[in-house]
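Asks: The primary structure of each chain is shown beneath.
Number of protein chains: 2
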Amino acid sequence: MKKLLLFALTITMLTASTFADEAKFRHAVFFKFKEDATEAQVKVIETAFIALAGKIDTITDFEWGTSESIEGLNDEFTHCFFVTFKDKAGLEAYIPHPDHKKFVELLKPSLDKVFVFDYTAH
Amino acid sequence: MKKLLLFALTITMLTASTFADEAKFRHAVFFKFKEDATEAQVKVIETAFIALAGKIDTITDFEWGTSESIEGLNDEFTHCFFVTFKDKAGLEAYIPHPDHKKFVELLKPSLDKVFVFDYTAH
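Just so you know, the protein sequences line up as chains A and B, in that order.
Residue numbers 14 to 135, in the numbering used here, belong to the letters of the first sequence in order.
Residue numbers 14 to 135, in the numbering used here, belong to the letters of the second sequence in order.
Treat the hints as calculated values from the structure; they're not laboratory data.
Possibly wrong hints are sitting among the right ones.
Copies of the same chain are indistinguishable here, so a pair counts whether it falls within one copy or spans any two.
[As the list claims (entries may be wrong)] In silico SDA-like links for lysine to any residue, alpha-carbon gap of 20 Å or less:
| no. | residue 1 | residue 2 |
| --- | --- | --- |
| 1 | K56 | H135 |
| 2 | K68 | L120 |
| 3 | K114 | L86 |
| 4 | K114 | Q54 |
| 5 | K99 | I83 |
Because the structure is a prediction, the values reported are computed rather than measured.
Work out the full structure: start from the sequences and follow the hints.
Replies: Structure (structure tokens):
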């Protein structure tokens, strides 16, 4: 029983420390698509970016969403993909990665403009 | 001992569910300051935004960082403040909040441009 208790406490501590100690380098990517990009094309790009996050092992976290602006300060951007790496080296490995390059080629014909902001989370 | 074990397991489960179930509405804010904004003025604004996060109770998470761009797609923006609410109503309560308004007044004279993107995290 003592062993089980120790085990449970260890799991508790590990769970807590996983979230507390994780270093976070953020790569926030925003897209505005061309006027003539179809809904189907945009859906393909969304799906491809989500799939990309599963292919590149330096990505530690990933989320995305579409604009729900209240103040109208989103400069017509409609999509955010928020990619997390352990550190900047993770992003440096991602940019030239063949799967990332393939994604960029898929994206380009439908893309009007892009904004990217990288930072270490404080 | 059984009670202690149950207690430890409950804590484990609670810790895990806190992170798994938390709804997240993101308010990503980017600034570029005026050329003549001094380092001291920028520091005051950074400190005020961090303090603001502690004053408004609909904010559930907050982080910030400065640009470490690799690709140069950050359109001259230098600062990101990444504010999380439980839901959109949290942001709606924040925007007209007197402390937020006070912060905007402090910010304005030094601000060149702002970009804000709001989304529900998927």
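Asks: It remains to establish, for every hint, whether it holds in the given structure.
Replies: Comparing the hints with the structure gives:
| no. | hint | verdict |
| --- | --- | --- |
| 1 | K56 <-> H135 | between (33 Å within a copy, 14 Å between copies) |
| 2 | K68 <-> L120 | within (17 Å within a copy, 41 Å between copies) |
| 3 | K114 <-> L86 | between (30 Å within a copy, 16 Å between copies) |
| 4 | K114 <-> Q54 | within (18 Å within a copy, 40 Å between copies) |
| 5 | K99 <-> I83 | between (32 Å within a copy, 16 Å between copies) |
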